[in-house]
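So the protein lines, in turn, are chains A and B.
Under the numbering used here, the first sequence has 370 at position 370, and the numbering climbs by one with no breaks.
Under the numbering used here, the second sequence has 97 at position 97, and the numbering climbs by one with no breaks.
Check before you lean on any hint, since a few could be wrong.
[Unchecked claim] In silico lysine-lysine, PhoX-like type, Cα no more than 25 Å apart, as pairs: (1) A:K58 <-> B:K43; (2) B:K35 <-> A:K5; (3) A:K119 <-> A:K522; (4) A:K125 <-> A:K396; (5) A:K58 <-> B:K100; (6) A:K5 <-> B:K29; (7) A:K217 <-> B:K2; (8) B:K99 <-> A:K217; (9) B:K2 <-> A:K14; (10) A:K217 <-> B:K74; (11) A:K5 <-> B:K76; (12) A:K58 <-> B:K29; (13) A:K237 <-> B:K100; (14) B:K74 <-> A:K52; (15) B:K74 <-> A:K674; (16) A:K14 <-> B:K74; (17) A:K674 <-> B:K43.
[To be verified] Derived coverage of chain A by chain B (criterion: at least 3 residues anywhere in the stretch with Cβ under 8 Å from a Cβ of chain B; other residues may be distant): (18) 12-20; (19) 142-154; (20) 222-236; (21) 243-252; (22) 646-659; (23) 692-703; (24) 709-716.
Hint data in this document are derived by calculation from the structure and do not stem from the laboratory.
All C-beta atoms, glycine included, are put in the ideal place defined by N, C-alpha and C.
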Amino acid sequence: MADYKEFLDSIDRKAYHEGEIEWTEGEYTVTRTTHWSPPGCHNGCGVLLYTKDGKLEKVEGDPLNSVASGKLCMRCLAMPEAVNHPDRLKYPLRRVGERGENTWERISWDEAYDEITEKVLNIKKEFGSESIVVVHGTGRNIGWQVPYFASACMETPNVSTFGFNGFACYLPRMIGTTAKFGDMCLVDASQAHEDRYANEDWERPEVVVIWGNEPIKSNADAFLGHWLVLCHQMGTKIVSVDPRLTWWGVRADYWLPIRPGTDAVLAMAMLNVITTEDLIDHDFVELWCYGYEALVERVADKTPEWAAEVCGVNSEDIRGAARLIANAKNCAIQWGLAFEQQIAALGVTEAVADIMAITGNIDNPGGNMLARCAFLIEKRYGLGDHLIDPEVYARKLIPSVSGINESQIVSCADSDSILYAMETGEPYSVQMFWIQSSNALSCPGMDAPRVYQAMRKIPFVVVVDPFMTPTAVACADIVLPAAMSCERNSVRTWWTPVRSMKKVSEYYEARSDEQIVLDLGKRIKPENWPWETDEDFCTWYLTDQCAPNGTLYDKDFKTLVEQGGTEYWDWDATYRKYEKGMLRPDGSVGFNTPTGRVELWSYGFDSWGVDPLPFHIEPPESPVSTPKTYESFPLILSGGGRSFEFFHSEHRQLPSMREFHPDPLIMVHPDDAKTYNVSNDTWVWVENSRGARFKQKVLVTEQTKPGVVHAEHGWWFPEQEGAEPNLFGTFTSNLNNMTEAYRTGQGGIGSAIKSMLCKIYPVHEGDILPGDVVATKGTFHEYAPGQPYPLIEE
Amino acid sequence: MKGILINYEYCTGCHSCEVACKKQLGLAKGEFGIKLTETGPFKYETGDEAGKWEWFFLPVLTKACDMCEDRVTKGKMPMCVQHCQAWCMYHGEVEDLVKKMDGNTRFALLTR
Ligand code: SF4
Ligand code: SF4
Ligand code: SF4
Chain A
1 MADYKEFLDS IDRKAYHEGE IEWTEGEYTV TRTTHWSPPG CHNGCGVLLY
51 TKDGKLEKVE GDPLNSVASG KLCMRCLAMP EAVNHPDRLK YPLRRVGERG
101 ENTWERISWD EAYDEITEKV LNIKKEFGSE SIVVVHGTGR NIGWQVPYFA
151 SACMETPNVS TFGFNGFACY LPRMIGTTAK FGDMCLVDAS QAHEDRYANE
201 DWERPEVVVI WGNEPIKSNA DAFLGHWLVL CHQMGTKIVS VDPRLTWWGV
251 RADYWLPIRP GTDAVLAMAM LNVITTEDLI DHDFVELWCY GYEALVERVA
301 DKTPEWAAEV CGVNSEDIRG AARLIANAKN CAIQWGLAFE QQIAALGVTE
351 AVADIMAITG NIDNPGGNML ARCAFLIEKR YGLGDHLIDP EVYARKLIPS
401 VSGINESQIV SCADSDSILY AMETGEPYSV QMFWIQSSNA LSCPGMDAPR
451 VYQAMRKIPF VVVVDPFMTP TAVACADIVL PAAMSCERNS VRTWWTPVRS
501 MKKVSEYYEA RSDEQIVLDL GKRIKPENWP WETDEDFCTW YLTDQCAPNG
551 TLYDKDFKTL VEQGGTEYWD WDATYRKYEK GMLRPDGSVG FNTPTGRVEL
601 WSYGFDSWGV DPLPFHIEPP ESPVSTPKTY ESFPLILSGG GRSFEFFHSE
651 HRQLPSMREF HPDPLIMVHP DDAKTYNVSN DTWVWVENSR GARFKQKVLV
701 TEQTKPGVVH AEHGWWFPEQ EGAEPNLFGT FTSNLNNMTE AYRTGQGGIG
751 SAIKSMLCKI YPVHEGDILP GDVVATKGTF HEYAPGQPYP LIEE
Chain B
1 MKGILINYEY CTGCHSCEVA CKKQLGLAKG EFGIKLTETG PFKYETGDEA
51 GKWEWFFLPV LTKACDMCED RVTKGKMPMC VQHCQAWCMY HGEVEDLVKK
101 MDGNTRFALL TR
């Protein structure tokens with residue numbers, strides 16, 4: 001077994017470093033900093049950047065940085081391939097041909113800024129600033145810069161990770177736990193302690209439930225999955241809930257291969273077992289929970305036998321897993337994206353949060369820690385939105401009926417409402433898209449052909465990205481070259497520690513995200529942009545953020561860089577904060593909820609008009625809800641599982657990544673491969689009842705259960721023709737040809753994209769490509785602007 | 001003699017060792033200093049393990065591996081060992097490494 005202390009003691013600090021941040025090693029200058037993005041990632045591991053003559057030549061992990069202990073994934077190890085890639089955008093570009101022709105002229109930054117400034121000022125005057133939509137990607141270290149830019153430069157409330165509906169990425173779990181616990185929670189793998197696994201307060205979880213994600217590949221939401229591998233080495237037992245057999249499932253005491261989209265059913269059955277067998281943590285429930293009786297009543301008839309019928313998991317396994325979880329000294333639940341990529345998103349979030357609560361696994365060592373961003377530096381998303389005229393803010397694009405949006409807990413605009421405005425011009429037309437580090441067409445856009453039709457009608461589109469993407473070719477008028485992580489002075493918190501990135505190199509005229517928003521902010525709305533440099537801007541973010549009394553951090557950017565780029569926060573490292581009066585603004589004990597308790601019956605949910613107790617909704621298309629369709633489309637299509645090589649639609653240009661993972665892969669169980677006459681390396685069409693299809697290469701494997709196929713997301717082919725109709729092949733293998741807009745769960749939250757129905761059949765030479773269908777017909781199926789597709793069995 | 005010990009029970013197949021080594025040795029596409037092997041996934045239908053799953057990865061060394069001699073003389077870990085995300089690789093004298101084998105989990109000792 002790996003021993004963390006022994007590991008630390010064994011490191012020859014003279015050979016690595018003794019706290020310096022920059023030194024010379026042979027012909028290289030070595031800089032110790034952290035990596036965030038681009039290329040993208042959700043983390044920010046400690047890296048040693050080796051540069052020669054101002055060029056990044058190699059990257060190593062910093063074994064003395066506590067976040068990843070120097071253990072980098074293949075993507076960071078290959079970072080120079082991205083940074084020095086010949087396809088990178090070197091200069092600002094202006095479109096010269098038609099949209100889609102991929103013909104550009106080089107312009108200067110001043111020309112680009114002048115043109116953008118003139119257009120923005122005109123749009124604001126003529127149409128109102130709300131007609132500008134600001135779009136950014138996930139995790140790309142633009143989560144504070146771009147929202148501030150939207151508020152303080154564009155003066156629009158419409159900032160969004162546009163393209164996927166139902167806020168189907170993490171937000172449902174965030175607002176769900178905020179409502180029920182008063183705070184967000186995450187698995188305690190010792191990451192809040194700088195001395196990590198050696199920390200005396202920390203205990204390894206006795207059981208970890210890996211539910212609806214593969215954390216070693218996704219590393220989502222600033223959580224490194226391999227932390228749990230070390231816990232497992234120390235003895236942590238595993239429960240895996242996943243239709244896929246993952247690394248965890250093979251090593252699990254219980255692998256529960258669930259039918260996609262029925263997680264709430266399984267969770268409610270677990271609650272049934274825990275409550276009826278009286279396996280709850282009595283002290284915690286009595287002292288700190290509200291609504292236990294209502295929960296007991298809700299799950300009273302949700303027996304494992306009932307659940308087994310619906311979710312396809314053996315009832316005795318459900319019992320066994322529930323007992324293992326409840327009887328453990330401490331249990332952490334690593335929940336994932338599958339939670340909201342189903343229509344019952346908030347229902348399953350409630351149910352699993354309740355499992356954590358009634359088993360007493362909240363804010364305990366090795367349980368589910370309540371977490372805030374270090375030193376309260378990320379005060380909130382939507383930074384600077386008080387600078388928007390209230391009348392303009394009131395026109396934010398949100399669903400007309402949703403208590404969730406009205407409650408202001410969600411500060412971003414709603415993707416379906418933006419698409420609706422684009423398709424119908426109601427309640428107003430969208431005049432401009434500012435897209436910073438998002439490849440909306442290839443990755444989040446649901447459905448991709450429809451989003452494409454809507455986006456190319458927008459009068460003025462600016463894209464900021466390190467590479468020319470399908471999105472930029474399809475609709476950009478101006479493309480600005482973004483700097484990579486090692487070319488940025490930047491800061492970031494996502495939980496703890498706070499981290500800084502130090503600029504060590506430059507690439508032609510590429511500029512950092514900070515520099516770009518600062519430059520334009522100063523031109524368009526100078527009073528909101530008082531900073532001289534990117535470093536000043538970062539210091540303001542660390543310490544001030546327009547909040548009364550600022551954040552709890554008082555060091556500037558330079559100081560953070562010079563101390564090695566990380567600083568941990570005691571608050572996150574403290575257990576049972578609810579007993580210590582650390583959670584509520586008034587300093588009293590308890591949780592930061594209306595009742596001061598964990599709300600098993602949730603006032604927050606109730607006020608949003610959402611069921612305040614766990615619930616299930618059958619996926620809109622499934623063997624149960626559309627049995628006739630199921631006859632002709634007999635496979636459940638799940639998708640979006642990650643691979644080590646890629647972060648969403650990124651890294652497709654990197655030779656090493658494509659060496660390991662050249663093609664998009666669809667997992668097919670051996671039984672299904674036989675039935676549908678496909679074998680390894682066969683390219684198949686995956687098609688739904690609307691005739692929408694995409695193709696991927698078959699991987700015959702027991703990693704998926706019979707009847708369920710799993711396809712990859714985010715694929716485009718930078719090596720192919722960029723001009724239309726091919727658009728770097730963005731529609732060819734795109735799972736989002738089959739997803740749909742305007743169909744969400746309770747409260748407008750959750751989207752059933754991991755549980756669709758499909759058939760598969762071999763690709764033949766000469767078959768019409770999806771890109772050609774899009775070019776000639778627009779989309780696969782007719783639609784009325786602003787309306788969902790009709791359900792096939794409606 | 002120096003060797004690399006793999007506690008492959010825990011190897012996740014993350015490819016970090018492979019890429020770290022390719023960068024260290026400057027190897028071309030298709031060439032490796034250390035290369036993953038994969039067994040499974042399959043479910044046993046016979047024997048003591050019936051009903052259980054098997055799926056594991058084990059990296060093996062190629063002729064190109066030089067045990068990261070230049071790094072090791074400077075006091076650093078071999079590139080592959082330093083970056084092993086699953087904490088399942090150890091480098092050292094083989095007689096010390098064998099002592100880590102615990103009899104409970106599967107290990108393989110690799111030498112040049
Ligand atoms: S998780 Fe991987 S890609 Fe992200 S910063 Fe860490 S090593 Fe790099
Ligand atoms: S010891 Fe060095 S050369 Fe050998 S496999 Fe590891 S990284 Fe490659
Ligand atoms: S780096 Fe470690 S965990 Fe990853 S593949 Fe290599 S041996 Fe396995």
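Do the hints match the structure? See the list:
no.: 1; hint: A:K58 <-> B:K43; verdict: violated (41 Å)
no.: 2; hint: B:K35 <-> A:K5; verdict: violated (29 Å)
no.: 3; hint: A:K119 <-> A:K522; verdict: holds (15 Å)
no.: 4; hint: A:K125 <-> A:K396; verdict: holds (17 Å)
no.: 5; hint: A:K58 <-> B:K100; verdict: violated (32 Å)
no.: 6; hint: A:K5 <-> B:K29; verdict: violated (37 Å)
no.: 7; hint: A:K217 <-> B:K2; verdict: violated (31 Å)
no.: 8; hint: B:K99 <-> A:K217; verdict: violated (32 Å)
no.: 9; hint: B:K2 <-> A:K14; verdict: holds (22 Å)
no.: 10; hint: A:K217 <-> B:K74; verdict: violated (32 Å)
no.: 11; hint: A:K5 <-> B:K76; verdict: holds (17 Å)
no.: 12; hint: A:K58 <-> B:K29; verdict: holds (17 Å)
no.: 13; hint: A:K237 <-> B:K100; verdict: holds (22 Å)
no.: 14; hint: B:K74 <-> A:K52; verdict: holds (20 Å)
no.: 15; hint: B:K74 <-> A:K674; verdict: violated (55 Å)
no.: 16; hint: A:K14 <-> B:K74; verdict: holds (9 Å)
no.: 17; hint: A:K674 <-> B:K43; verdict: holds (18 Å)
no.: 18; hint: 12-20; verdict: holds (count 4)
no.: 19; hint: 142-154; verdict: violated (count 0)
no.: 20; hint: 222-236; verdict: holds (count 5)
no.: 21; hint: 243-252; verdict: holds (count 4)
no.: 22; hint: 646-659; verdict: holds (count 3)
no.: 23; hint: 692-703; verdict: holds (count 3)
no.: 24; hint: 709-716; verdict: violated (count 0)
Hint compliance for this structure: hints 1, 2, 5, 6, 7, 8, 10, 15, 19 and 24 are broken, all remaining hints hold.
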